[in-house]
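4 protein chains.
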Amino acid sequence: MGAETIKRIGILTGGGDCPGLNAVIRAVAKSAMNGGLEVIGIADGYLGLIENRLQPLGWRDVSNILTLGGTILGSCNKANPSRYAVREGDRWVYHDVRDQVVEHYHQAKLDALVVIGGDGTMSGAHTLTDRGVKIIGVPKTIDNDLWGTDVTFGHDTAVATATDALDKIHTTAASHHRVMVVELMGRYAGWLALHAGLASGADVILIPEIPFDLEKVARRCIERRDVGKGFTIIAAGEGAMPVGGEAIVDHVVEDSPDPIRLGGVAKYVADRIEQMTDLDSRAIVLGHVQRGGTPTAFDRILATMFGHHAFELLEAGQFGRLVVQREGRFDSVELAEVADKVRTVPPDCPALQAARAVGTSFGD
Amino acid sequence: MGAETIKRIGILTGGGDCPGLNAVIRAVAKSAMNGGLEVIGIADGYLGLIENRLQPLGWRDVSNILTLGGTILGSCNKANPSRYAVREGDRWVYHDVRDQVVEHYHQAKLDALVVIGGDGTMSGAHTLTDRGVKIIGVPKTIDNDLWGTDVTFGHDTAVATATDALDKIHTTAASHHRVMVVELMGRYAGWLALHAGLASGADVILIPEIPFDLEKVARRCIERRDVGKGFTIIAAGEGAMPVGGEAIVDHVVEDSPDPIRLGGVAKYVADRIEQMTDLDSRAIVLGHVQRGGTPTAFDRILATMFGHHAFELLEAGQFGRLVVQREGRFDSVELAEVADKVRTVPPDCPALQAARAVGTSFGD
Amino acid sequence: MGAETIKRIGILTGGGDCPGLNAVIRAVAKSAMNGGLEVIGIADGYLGLIENRLQPLGWRDVSNILTLGGTILGSCNKANPSRYAVREGDRWVYHDVRDQVVEHYHQAKLDALVVIGGDGTMSGAHTLTDRGVKIIGVPKTIDNDLWGTDVTFGHDTAVATATDALDKIHTTAASHHRVMVVELMGRYAGWLALHAGLASGADVILIPEIPFDLEKVARRCIERRDVGKGFTIIAAGEGAMPVGGEAIVDHVVEDSPDPIRLGGVAKYVADRIEQMTDLDSRAIVLGHVQRGGTPTAFDRILATMFGHHAFELLEAGQFGRLVVQREGRFDSVELAEVADKVRTVPPDCPALQAARAVGTSFGD
Amino acid sequence: MGAETIKRIGILTGGGDCPGLNAVIRAVAKSAMNGGLEVIGIADGYLGLIENRLQPLGWRDVSNILTLGGTILGSCNKANPSRYAVREGDRWVYHDVRDQVVEHYHQAKLDALVVIGGDGTMSGAHTLTDRGVKIIGVPKTIDNDLWGTDVTFGHDTAVATATDALDKIHTTAASHHRVMVVELMGRYAGWLALHAGLASGADVILIPEIPFDLEKVARRCIERRDVGKGFTIIAAGEGAMPVGGEAIVDHVVEDSPDPIRLGGVAKYVADRIEQMTDLDSRAIVLGHVQRGGTPTAFDRILATMFGHHAFELLEAGQFGRLVVQREGRFDSVELAEVADKVRTVPPDCPALQAARAVGTSFGD
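Chains as they are written, first to last, in full-length UniProt numbering: chain A, 1 to 364; chain B, 1 to 364; chain C, 1 to 364; chain D, 1 to 364.
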């Protein structure tokens, strides 16, 4: 089925905040408008389709948004069409609202949807393609862990922000001869901690893929002190875990659509190091700062190219697919293929090997 | 007693890390060397005088350090000459080591000391002037709360870092319709939260000087939602406290030279807001990032002028004094005068009034 | 005459671009709206009053503009009410259009104007107060050279941008053993070159207030090479001039409202140095980059306080005055007082003296 | 021949300044030292080999340099071993000094050289491999135009710097309704102008690969004005040229190793636009700022991986080769292969196509 039948498209952004979302929205909308299509903005991810909050997007709406963090459309973490979390009294109840979504999609006379989001959003998209909704997915995650693509926009900005924080903390650590443990995002994959750690010259990098041995981490701190470097910088992904242990859970929210919150690996490591050595240690949790801000030039370019390629798929009538970049080329894969898969850091990753070569410890 | 007798000076930096320390060291050292003096660098604050770790500083040592965060001399939080904390077995014991300090001072043939530090460091300096050590103090605090001076270097950089973080968090808050509570430094005075909050357009600013009413804070969040702004940004100084309550203590370290650690006001406020409203809330603790990094141009200039003015006091033989800037002019005050005083935000502070005028809530 | 009669005010921005303009607009508008006033935005400086282009400003218009460079109202360099430049055929003709301006002012039922601008804009404002227009001026210049105030918003951002460029050029100069001459803004006053030069540790600073001797500048470059530092960084204000010479005029635009364009001092100095020594030299002209960009936290705070103080003058009914900051306090002066005066760098300026003390040459 | 014979290596950096040089030096040196090799730093590119200025590099020398712009080894543009430019009287004479270079190489008991540089430096390297010097090349160019590799370190930082400048200029252009033409580096290839233009949303991008038609550029400016956007941003690579014309030569230095200096395309375009339309136009030349500064996180990672891969080639005994990255993988090519070839922007480049899709004009 060709693009000749496509006259009007909707755009939505789902899941957590990510720098470059607006750049994708702009690229899809401008490409589409230049190609003669009408563009509709859907508010707050799938929630806008559930609650029928849709508005036309014009030139003015997508002008001057290239440098803005966040998403002009709004987003939502809890609105999966096949499992929509609603608070009823003191607990959450889950509904399948796909009928509603499809009805609003047709009511608005949409011929296709461009869905920008992460793993959860793409699973949601996949359940809609089964109902005949024509969808093109654009991958989004600051964690860079979406399966099927080598790179996602937003990651470079998150790495830049985390690197900047690590650079700043470096001076305090050095002046005070301290061990500083900095917790970065990354539940399932360590890309962010690996890249920011490598970029800032962290002495130790802890990632979910490589369980760490606290003895070895402590020994590295001591060794550094013994050669006259009183400080050690440790970059830790939030999903990093000790050998034989489990990821550190900050707290569990009873009866919630998102019950488990990781967090606390930095405090865990800093406390143990302080006990095992006589070194002054501190934990820092960088948190949401990593998700926000003006995208880097790299991410603005990448996001624009992702958005443009989504439009090319639209024109080619290739629906039910996710835009990806692999081996330096843009391509696409089936939405079904990416569901529930995480791209983790492989042992032969060049960045990992380069980090080891310059002397970085992974605690293993 | 004139500067004609001054041939050789020592420099030390005490207390927490602060952007611009190296700029002061460079300005003092270059001014002094251009004036024909010898300059000795003292390692790790008073600890270097206690342990006799002193080294000559030359042109090469102070070249290219203007942009560096931290201090090339190192610092120490625990080494007050009249109350030096030493770990003995499982507890801390305090010693008066002023004799030792004075002995090392004379041994090194120092004619004067330039001491760069905060309140604690200046108290230490004061106890040494009583023993005949000629000292000139340079005030240092990112909190801007040192009594006697209108402004201290490092504060502008800390405000810039905090503002940048608040700007980044803004996009996430807006995209997800969340209440974001960001905890900034400031135990006793709210300058950093006030300035960063004003600079970033925070909706609510909480500072130690103005106890906050949680009801009013929650109401502001609700009011914003009701006019279509689903998000609220709250900048909270770590020493902010509820009306009738106390500053929130994160934990108490038993038997420590620094027993009480504040922290947790952001989590306290975020949790309460979430309970009192149906708004999704998150806490972020910015932490040590605020202390580090390359100083802003403003702080490099200010630090250089502070350092230069310290040299002018040296030349004028005016010892036992602290360099200050008041009403736009450099001046000096007695070290004795500033001890144990904190400069808090007064109710008629122009920044505070401007914040109120543009609609910022202080929770009162 | 009290503020009780003020119901509706206009805001305009005149002259060159300056970071912080939107922060002033926001502060005036929000303060005024919170005070129950109506606010009208005037497009493109006085041009909007001449051509009657006025629009109400509401909460939405001034939301989210605190971090934006430029001015949401637009500006214009050529529209002085008493001397409005209009192109007629191949030449410029000047008109007195004050009657028109006053008519549009009354037509829009404005009770007062807040005029944000530099020297030219304030001269224009002064000629309107004579006709009964109630004006409060807010000073604006990245050059920091407006008479009557110690500081103007925008300058800190310009200094930060120039310092960042000088920092970047430093590494190239050092790697290639070159003399780099960087031309910064500042026709009549050297504040920008002085502050950015001091903040970046420039080896030589050339400013309009201190005519430079090329021999001395060249000698400094040679001396540095001879002690093993093959490179020299020179920060030059565009109005800097050789001893006995004149400011370097890039070109003269015949028959123009702005006939003389300075520029070229960097190339002049770099070429002469290369002739006088065997050192490789390069000129860089930073240009308009200095005027743009997101204001620093410092400038956002300062601009907000300036805007708020303008509102306080409005409330107090003190018209025909310019908001100033002197010796750390907000105050105001007569518009008439500031006309045609420039605040230059005095010989006893602390920044100048600090620069000399650390060894910076001013070519004198 | 295996790496078992390699005991001692030299490192040199040649050609223009580039962010990330120190990150490569650090990665090569740390990898080599961790692998048991000795490392010698060669001063000022080939000049150090000609003049026998070599020094051992230790852990301390390569510590804390990851974030530094420039090169700690120094560089030189004029020292090609087979064509070494020497000033004799009033002219330049060229010498083949390869014998001298090879002698010093053997004298220092070097077993291999890591040569970091651009096209000219690699040509020089190639002429030395013919004499038995074992060389591994690491490609360096902010222009990203080295043949054989998809990406070079330094380019991302240059794009970030240029994008930041374009962002800043945007606000001035918009406030004053001006055409702003910004000249960026790129003599033979338009990667920098293309990427920075795309990242900043420039309205027009001019690159050497696509001759521009001034009529079309002017028309775009007029069209924008007619839909209410009074300003236009034009990003121009310095080698961009009009249809049927030639690259604009700023000046020719008679009898020089580097006789032709491009430059002036921005002024050329701005002047013509002002003549052809009634729009106020300005030219800005960004210049050397693009070469300097702290490398971005991306470039620090890339440079570290390039340096590490150079060490892997050393270990594998694969000499006479250049490290490259192609299709997302590290690999190597013969030095001979890359000589005198430039990688230009192809018509089907995804970034170029994305720029066209969002409406950017290339003046064609």
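Derived from the structure by calculation, the hints contain no laboratory data. Mixed in with the good hints, there may be bad ones.
[Said to hold, decoys possible] Taking lysine to aspartate or glutamate pairs in the DMTMM-like style, the calculated list, with each CA pair at most 20 Å apart, reads: (1) K229(C) <-> D278(C); (2) K229(C) <-> D61(D); (3) K78(B) <-> E274(A).
[Stated by the list, open to error] From chain C, some residues computed to sit far from chain D (all C-beta separations above 10 Å): (4) G16; (5) N52; (6) W59; (7) C76; (8) D90; (9) W92; (10) D164; (11) D167; (12) R187; (13) V243; (14) R282; (15) V285; (16) G317; (17) A336; (18) T344; (19) R356.
[To be verified] Some chain A residues close to chain D (C-beta under 8 Å, calculated; not the full set): (20) A27; (21) S31; (22) G58; (23) H106; (24) T163; (25) M305.
The beta-carbon is built from N, C-alpha and C at its ideal position, and this holds for glycine as well.
Here is how each hint holds up against the structure:
no.: 1; hint: K229(C) <-> D278(C); result: holds (15 Å)
no.: 2; hint: K229(C) <-> D61(D); result: holds (18 Å)
no.: 3; hint: K78(B) <-> E274(A); result: holds (17 Å)
no.: 4; hint: G16; result: violated (8 Å)
no.: 5; hint: N52; result: holds (18 Å)
no.: 6; hint: W59; result: holds (22 Å)
no.: 7; hint: C76; result: violated (8 Å)
no.: 8; hint: D90; result: holds (12 Å)
no.: 9; hint: W92; result: holds (13 Å)
no.: 10; hint: D164; result: violated (8 Å)
no.: 11; hint: D167; result: violated (7 Å)
no.: 12; hint: R187; result: holds (16 Å)
no.: 13; hint: V243; result: holds (28 Å)
no.: 14; hint: R282; result: violated (6 Å)
no.: 15; hint: V285; result: violated (6 Å)
no.: 16; hint: G317; result: holds (31 Å)
no.: 17; hint: A336; result: holds (28 Å)
no.: 18; hint: T344; result: holds (25 Å)
no.: 19; hint: R356; result: holds (27 Å)
no.: 20; hint: A27; result: holds (6 Å)
no.: 21; hint: S31; result: holds (4 Å)
no.: 22; hint: G58; result: violated (12 Å)
no.: 23; hint: H106; result: violated (28 Å)
no.: 24; hint: T163; result: holds (4 Å)
no.: 25; hint: M305; result: holds (5 Å)
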